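Engineer: Sequence:
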Amino acid sequence: MSSSKGLQNEPFPGHISEAELFRRERAQFALAERAANFGYWRYDIATQRSAWSPGMYKLLGVDPQTQAPDSEWLLSHVTDEDRRKVNAAIEAAIMAKSAFYYRTHSKDPTERVQIVDTHGEVEFGDDGNVVAVLGVCNDVTKEVVAETARMRAERRYRLMAEEASDAILLYAPGGRIVFTSSALERITGRGSHEIEEGRFVRLVHPADIEEANKVRSRPPPNQTLTACYRLLHRDGHYVWLEVTIRGVYDDVTGEYLNTIAVLRDISERKVQELEMRSARDNAEQASRAKSVFLANMSHELRTPLNAIIGFTDIMRHEMFGKLGHERYSEYATLIHDSGQLLLDLISDLLDMAKIEAGKLKLFYETVSLEDTIADCVRLVQGRALANNIDVKMVMETSGLTVEADRRALKQVILNLLSNAVKFTFSGGHVTVTARCSDGNIVICVHDDGIGISKNDLPRLGRAFEQVVADPMLAKAGTGLGLALVNALIQQHSGSFRIESEEGFGTEATIELPQRQPERVAA
-13 MSSSKGLQNE
-3 PFPGHISEAE
7 LFRRERAQFA
17 LAERAANFGY
27 WRYDIATQRS
37 AWSPGMYKLL
47 GVDPQTQAPD
57 SEWLLSHVTD
67 EDRRKVNAAI
77 EAAIMAKSAF
87 YYRTHSKDPT
97 ERVQIVDTHG
107 EVEFGDDGNV
117 VAVLGVCNDV
127 TKEVVAETAR
137 MRAERRYRLM
147 AEEASDAILL
157 YAPGGRIVFT
167 SSALERITGR
177 GSHEIEEGRF
187 VRLVHPADIE
197 EANKVRSRPP
207 PNQTLTACYR
217 LLHRDGHYVW
227 LEVTIRGVYD
237 DVTGEYLNTI
247 AVLRDISERK
257 VQELEMRSAR
267 DNAEQASRAK
277 SVFLANMSHE
287 LRTPLNAIIG
297 FTDIMRHEMF
307 GKLGHERYSE
317 YATLIHDSGQ
327 LLLDLISDLL
337 DMAKIEAGKL
347 KLFYETVSLE
357 DTIADCVRLV
367 QGRALANNID
377 VKMVMETSGL
387 TVEADRRALK
397 QVILNLLSNA
407 VKFTFSGGHV
417 TVTARCSDGN
427 IVICVHDDGI
437 GISKNDLPRL
447 GRAFEQVVAD
457 PMLAKAGTGL
467 GLALVNALIQ
477 QHSGSFRIES
487 EEGFGTEATI
497 ELPQRQPERV
507 AA
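Using the numbering used here, read the sequence shown as starting at -13 and increasing by one per residue.
In short, the hints are calculated from the structure, not lab data.
Capping the alpha-carbon separation at 25 Å, the derived lysine-lysine pairs in PhoX-like fashion look like this:
{"id": "1", "residue 1": "Lys396", "residue 2": "Lys347"}
{"id": "2", "residue 1": "Lys440", "residue 2": "Lys408"}
{"id": "3", "residue 1": "Lys128", "residue 2": "Lys93"}
{"id": "4", "residue 1": "Lys408", "residue 2": "Lys396"}
{"id": "5", "residue 1": "Lys200", "residue 2": "Lys256"}
{"id": "6", "residue 1": "Lys396", "residue 2": "Lys340"}
Estimated spans, in silico, between C-beta atoms of each pair:
{"id": "7", "residue 1": "Ala74", "residue 2": "Glu109", "range": "18 to 24 Å"}
{"id": "8", "residue 1": "Asn199", "residue 2": "Gly175", "range": "21 to 27 Å"}
{"id": "9", "residue 1": "Lys83", "residue 2": "Gly175", "range": "55 to 61 Å"}
{"id": "10", "residue 1": "Phe349", "residue 2": "Met379", "range": "24 to 30 Å"}
{"id": "11", "residue 1": "Arg136", "residue 2": "Asn208", "range": "22 to 28 Å"}
{"id": "12", "residue 1": "Gly161", "residue 2": "Met81", "range": "52 to 58 Å"}
{"id": "13", "residue 1": "Thr33", "residue 2": "Thr96", "range": "32 to 38 Å"}
{"id": "14", "residue 1": "Ser479", "residue 2": "Gly385", "range": "19 to 25 Å"}
Predicted, not measured: the structure shown is a model, and the values here were computed from it.
The beta-carbon is built from N, C-alpha and C at its ideal position, and this holds for glycine as well.
Please put together the full structure from these sequences, using the hints given.
Structural biologist: Encoded structure:
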């Protein structure tokens, strides 16, 4: 013992005493305590006294000069439930002579340190019995709060992924699936192992393989790949999927990390699209068939009507002698007029059908505008005079000519004049004017008749539309007149518009190039 004491009193090599070395070690340990934000305590069972390290005082935020180490004081600052856990843990450790651990929470929510982890050991005496308990306390408030927030966010995102109607998948490099939401099985009846690493291709409808391959490559940064294809459901039917994938890359290094895929069931939408497409195709086919049929019927319908009109004209003029009774002449006139009206209606119908079928051929030539308008005025003059309506022509520019299809242009002007006369009451006026403006021919037909309401104006120009409330006037046509005018003017690269005010009259204006564009180009 004496030699041992002598050694203890002798200075260590380098002239550092044992006491100085111990002091330095304590200082270094205290520095480590402060840096790591932990402290330790020791409780002597025999004396029931506690000792705290400097780091323990710092962790608790108390002054060593005002607060002595006290285990009871320490327990008074944790929740009641934690106090019971601490006592139980230490008693169990003493009885079992083993290490212990517990986590405590501050009773005061304003304290800087809210959560502390304590790892402890028991100290044995020479007789092998437990003489003291030692604990190392670590402030884990920030870590626990961060972990709690992370777990809460993870639960929230997982809930969103699981409850979403779309399936969400996360692929690792190589095609292995590391996460799948439950919607995948709801949509496809398949598990992730059945579709990962390219195995999904064997389930794709054969006609959609090329489309499905669009989402098999790795998406470049900040780009999205999309494909729509059919996948075989476990039940045996195909499900239409809209698949969108996007790559996940490291923000710093740019290294590829994962691929996120979103699968949406669009079966119902596809069915609706296919039904709409089928209905549209059927309607277009029926419309084409109707237009082609009517266009092809032109000769068959016009030939007998021309014969009827021709023979009744001969009978009306008694070219081969007297008919006999005067009523025969009246009947011949009625047959002639009815046949002419029917021919006009059929001509409008067939012309519209030809336009819709793309079979109307226009023959452009240089047409005298004054002569054409004068011919049209003469044709409506009889009805105008019978109804005491004044029809006049005003040529604002003399000698005007236009490149147009003569028959079509006459049909347009005659249609507008006939409408104006039909919807103008006795004593009214109809004026047709023509002028040249910036290389275009402008023809206006103005009347002071019944006019058209603002609500009905947008419907004018549609096939089979009539907007006249008077049934005696409305029934005198097919409703094709203005639609035909509009179509024929468009064929001439022109425009057509109507301005009207109910009770004050209507003005119909057509504008077409004086020379046709394609002929100018030639």
